[in-house]
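Protein chains: 6
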Amino acid sequence: MTAREDGRRDDELRPITITRNWLDHAAGSVLVEFGRTKVLCAASASEGVPRWRKGSGLGWVTAEYAMLPASTNTRSDRESVKGRIGGRTHEISRLIGRSLRAVVDYEALGENTIQLDCDVLQADGGTRTAAITGAYVALADAVSHLRSTGALTGEPLTGSVAAVSVGIIDGVPRLDLPYVEDVRAETDMNVVMTGAGSFVEVQGTAEGAAFDREELNALLDLAAGGCADLTALQNEALAR
Amino acid sequence: MTAREDGRRDDELRPITITRNWLDHAAGSVLVEFGRTKVLCAASASEGVPRWRKGSGLGWVTAEYAMLPASTNTRSDRESVKGRIGGRTHEISRLIGRSLRAVVDYEALGENTIQLDCDVLQADGGTRTAAITGAYVALADAVSHLRSTGALTGEPLTGSVAAVSVGIIDGVPRLDLPYVEDVRAETDMNVVMTGAGSFVEVQGTAEGAAFDREELNALLDLAAGGCADLTALQNEALAR
Amino acid sequence: MTAREDGRRDDELRPITITRNWLDHAAGSVLVEFGRTKVLCAASASEGVPRWRKGSGLGWVTAEYAMLPASTNTRSDRESVKGRIGGRTHEISRLIGRSLRAVVDYEALGENTIQLDCDVLQADGGTRTAAITGAYVALADAVSHLRSTGALTGEPLTGSVAAVSVGIIDGVPRLDLPYVEDVRAETDMNVVMTGAGSFVEVQGTAEGAAFDREELNALLDLAAGGCADLTALQNEALAR
Amino acid sequence: MTAREDGRRDDELRPITITRNWLDHAAGSVLVEFGRTKVLCAASASEGVPRWRKGSGLGWVTAEYAMLPASTNTRSDRESVKGRIGGRTHEISRLIGRSLRAVVDYEALGENTIQLDCDVLQADGGTRTAAITGAYVALADAVSHLRSTGALTGEPLTGSVAAVSVGIIDGVPRLDLPYVEDVRAETDMNVVMTGAGSFVEVQGTAEGAAFDREELNALLDLAAGGCADLTALQNEALAR
Amino acid sequence: MTAREDGRRDDELRPITITRNWLDHAAGSVLVEFGRTKVLCAASASEGVPRWRKGSGLGWVTAEYAMLPASTNTRSDRESVKGRIGGRTHEISRLIGRSLRAVVDYEALGENTIQLDCDVLQADGGTRTAAITGAYVALADAVSHLRSTGALTGEPLTGSVAAVSVGIIDGVPRLDLPYVEDVRAETDMNVVMTGAGSFVEVQGTAEGAAFDREELNALLDLAAGGCADLTALQNEALAR
Amino acid sequence: MTAREDGRRDDELRPITITRNWLDHAAGSVLVEFGRTKVLCAASASEGVPRWRKGSGLGWVTAEYAMLPASTNTRSDRESVKGRIGGRTHEISRLIGRSLRAVVDYEALGENTIQLDCDVLQADGGTRTAAITGAYVALADAVSHLRSTGALTGEPLTGSVAAVSVGIIDGVPRLDLPYVEDVRAETDMNVVMTGAGSFVEVQGTAEGAAFDREELNALLDLAAGGCADLTALQNEALAR
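Protein sequence lines, in the order shown, are assigned to chains A, B, C, D, E and F. So in UniProt numbering, spot 128 of the first sequence is number 128, and the numbers just go up one at a time. So in UniProt numbering, spot 179 of the second sequence is number 179, and the numbers just go up one at a time. So in UniProt numbering, spot 197 of the third sequence is number 197, and the numbers just go up one at a time. So in UniProt numbering, spot 39 of the fourth sequence is number 39, and the numbers just go up one at a time. So in UniProt numbering, spot 144 of the fifth sequence is number 144, and the numbers just go up one at a time. So in UniProt numbering, spot 107 of the sixth sequence is number 107, and the numbers just go up one at a time.
No wet-lab data here; the hints were simulated from the structure. Misleading hints may appear alongside valid ones.
[What the hints assert, rightly or not] 20 Å max Cα-Cα, derived EDC-like pairs, lysine to aspartate or glutamate: (1) LYS82(C) <-> ASP105(E); (2) LYS82(A) <-> GLU79(B); (3) LYS82(E) <-> GLU91(F); (4) LYS82(B) <-> GLU91(F); (5) LYS54(C) <-> GLU12(C); (6) LYS54(E) <-> GLU91(E); (7) LYS54(B) <-> GLU111(B); (8) LYS54(F) <-> ASP105(F); (9) LYS82(F) <-> GLU111(B); (10) LYS82(F) <-> GLU214(E).
[Claimed, not checked] These stretches of chain B come out as covered by chain A in the derived footprint (C-beta under 8 Å, 3 or more residues): (11) 34 to 46; (12) 90 to 103.
Every residue gets a Cβ at the ideal spot worked out from N, C-alpha and C, and that includes glycine.
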């Protein structure tokens, strides 16, 4: 069995840093790093909700994901220049939004909107899971900000949410894949879990051969451990 | 426990029909019906591959999914008129393509391209799983067509692929959700499996509360049974 | 003189079938077939009219035409993927809308909107004339539907409308051209007529040499006969 | 019977002016005026043809039509700002192109391309027919220009082409409708004819009531006379 | 020192013509010519202002610039066909709008909007400066038009505005560059000034070598003289 | 006279930091800060040039500017989501590109392309001038990188370039405006200068009243001082 290139154990996360208030003016802003992957997660809070939700008494949370053109090893074209958003970007934006909404009580949020922007500054695998993990912290800060301005009084967060990638490389299940492992993975899975240990999203894809139930179980076990570690790091960051 | 509105058992598929050669001129064309959901799956085969793959000796398989505007209860706007493809459409097109490519041997396909078009004529839940199930049959017909024209000699299909939706409604796991169940599901999962019983894609989403490992397992069991039934129906259709 | 490839007389329509209620939920839905040309015509009825017409007491009828990518012998790219609608598609959508509006009394329709979607499932010449002929039947069903729901009481249809293509092939005027004749036609004309025998649209185009008045007259005679036959078939379908 | 507002006979054209070489540098450029309707028709000639025609030995002629935003009484938005071309613009561009190509011998043109741009500076009805009439003259000048540079030697023009609108207003057939008549017309027809008196395009539309064969004949008679007059004016302009 | 190709002195404008009321129906319409550069400037006045300005009591002035495809020596593609407006077009539209707004008193204009359309019919350098110079005259006519209809009573114009290009060619500062000089200029500057001699915009660009303060001063001197001459011509045109 | 809110002298820059190698993999990457304005400037170097320049032996340098949605106090919509790039973005991208190209010797660069991406992470006035100042340093690093890989041997940089904003606030000329000063400025000017003290771009705009020659001179003096200071800081950063 070959060891991982960066010397980690198979069930070990990369070094994780969560820097709050990275920007001066957003309601919540977090620079999250999973190894060399850096994502800037900014939460903008505004009173009011989209038109189709007006008068419902319910709030709204939404998210957009994007990569800076120079975030990857080979520069990629800007989607604004191409004039259309690619399928992958759409897919990840929707995933982040759904993941955060899983821990939001819209009634307690009231008719307020929180928009999360997750911009990848440097990409080295796991950008969507880093984005979800960082966006939750930015969301929590935005909620505190709204509470401090009197825009809400209750607790709209019913729990926390974190995410991690897992995959099978050379037959071995591994946690938190950097780019070099990601491209070689036979199976690739992104798992989003609540702080309480339930599943919010499970997205597994056979990149090479199809996978069996046993492999699926091993990946879910790894992911559960990784998400628990990330939850602890989120709580630590929010406590600072 | 409330029975299902259409009287099915929880582990029972809707009536499935797979009509081959629905169009006169496509290499393969299938009208697949999962209850009232009707999807027209057409495979177009052409010699040659996209530019980035030329000279590799390898083939290519890709897919596009779309819904006719009147396929849903409330008419939806055409994406061609809006000038952009929505995130959901992108996501499903990519899912269908990945699912089919999981059972394709590009080397045996040679430098040929097969394009699958899955157009939903009537939508009543499970359109993406019906599309994958029907598209596999259209793909198999397109492969036969290419073989009959001498464009290929080997067997590019390494297996079959089928898909089904499962979900938890009022705490009960159920197979193959029609629209009325889909909108009420607490958890919604789409599972793509090979005829040999391995997983190609697992996409589970908590729509309401997060789900635990036990619920996940129950859903996977249901899906495995449903995919096995669909595989049998595909084989039967191809044998006609 | 060479006979037609499909053995028809020069003034004979292809086999025509008009299948009503092809979809379960549209107000009116018709699968119309002119030989191998298959067009799905769905009418969606909704209360209210576009903003610019509000408060006028008048209704609105509009239409959109599109071709499925695999409907033609050689697959054509999706307009949603290209991000723009082509000139031909625009032109035909406008033609269908104008043709139907010629037999609508907006006052009797009241502030209701009927949207016709004509999607070509298989194309073998004459798709626009099949679409108009089928869309009229779907429109009639949608009007009945609105009447049954009490949304209107009077009769918004002032007559019926049908359409057929005619052309000159090897100097001979012919009715209802399939693709193989259409591409060889020196002159190509689409004629839309009311059930009462008046003209709604006459669109003649010299594809090769310009045509003289005598040829124009011969084509109009043929078209008048074809439209009368189609009117009879529409009435028959609506009587079932 | 009410006289026409501008005092013309029913079969009389508006004052027509055809000013050649209105621009300094186009191969052919014509300002054509049908009363207050002013269209600038510019022909750009270039060696070579579009890729799909290369090596065929055949030339190509194409056209684009557009209206300046302030050309109409009420300013209309720019299509470049809206980011898409409307159906009417597409339709007219295609009509102009087809009309000109009806009198072009591609073989004699050789692998040269002539692009016609017809930009409406002021619109008062009949912009498409003025555009075709003026574009023919610009095309003839571009052909002379190509001959003078030695890019071609034969005669690629097999005839001339002109166009006029006709319509029925208050039951009376009239020639060359200005805007005030156009909006009131029960039937509206655009007719494109060769200088030899054959038809290239006939596009008749019932705006109000459907029209009968007799009315159609009366309109065709009027149009034939108008096109003959325009042909004479084109020849005169080209002789200057 | 080489003389200018067209025989002008270095501080001399090209022949300038300002033709008012070039169109029949715009509130103000001017054909402005700077030598062979021809720009049609049309002002459309409408009551009311954009939504974001409603109820403010203030008016609005905006501008759009575009080039006809055949206005340049080598035909350029239409931006409506490309589906997007280029950076240069955007830049010039914004410049024209800002320049005109510099002499508008929004309060005196009241809640009226004036839209300027500057369409280049023929381009031979200096199209943006010709557009500003002509647009001011069209704006003045539109203001008179609004006053004559009673839509405003005060004087919304606080002054006049004109613009000219200057540049350094072979080391020599020159006024009002035609295309042949513009492409050879080492430094290129566009200057917009009020009739009272103050600056509204100064946009200087080093095309080849960077320029020093002395050169900058020489260019500003030339421009001031040119703008004064243009102001006199504008006043003369408005007095006719 | 009121002092500046941040206590600076009128001719004093905000605190400037230039952090090189902020990303791991770009050829050159700089985080530049002008007070609270933060711009990430990444240079991507690639062999080869755009098609229209192939075989010329000359290189190419280009730039794109964009703002993250949460970079401003009030979140702005993504241009990728809107599907089109705004005029301001286009304008600034073009300005940055021109400014850098002013100090590039294309022949010495050889057929290599350097693409600069300037993404504003936080905006507090002066984003375009910070972008130019930082992009020059990233460009210098990318040139060193190309030299280290042997892709070039000579010196393609003929000098350095830096930029600063100046403006008149309450009648007083000031250097390097933060947002609160920028919105109040009567005149706003961006000046780009070489390290040798010559002008590359001068863009002055009267936001309120037009400005006279004396004010223009005072602004140019301030800008020259600021650019000299920035040049020293660039040299210092590159020496580290």
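Consistency of the hints with the structure:
no., hint, result
1, LYS82(C) <-> ASP105(E), "violated (45 Å)"
2, LYS82(A) <-> GLU79(B), "holds (18 Å)"
3, LYS82(E) <-> GLU91(F), "holds (19 Å)"
4, LYS82(B) <-> GLU91(F), "violated (28 Å)"
5, LYS54(C) <-> GLU12(C), "violated (45 Å)"
6, LYS54(E) <-> GLU91(E), "violated (26 Å)"
7, LYS54(B) <-> GLU111(B), "holds (8 Å)"
8, LYS54(F) <-> ASP105(F), "holds (16 Å)"
9, LYS82(F) <-> GLU111(B), "violated (38 Å)"
10, LYS82(F) <-> GLU214(E), "violated (45 Å)"
11, 34 to 46, "violated (count 0)"
12, 90 to 103, "holds (count 6)"
In summary, the numbered hints that this structure violates are 1, 4, 5, 6, 9, 10 and 11.
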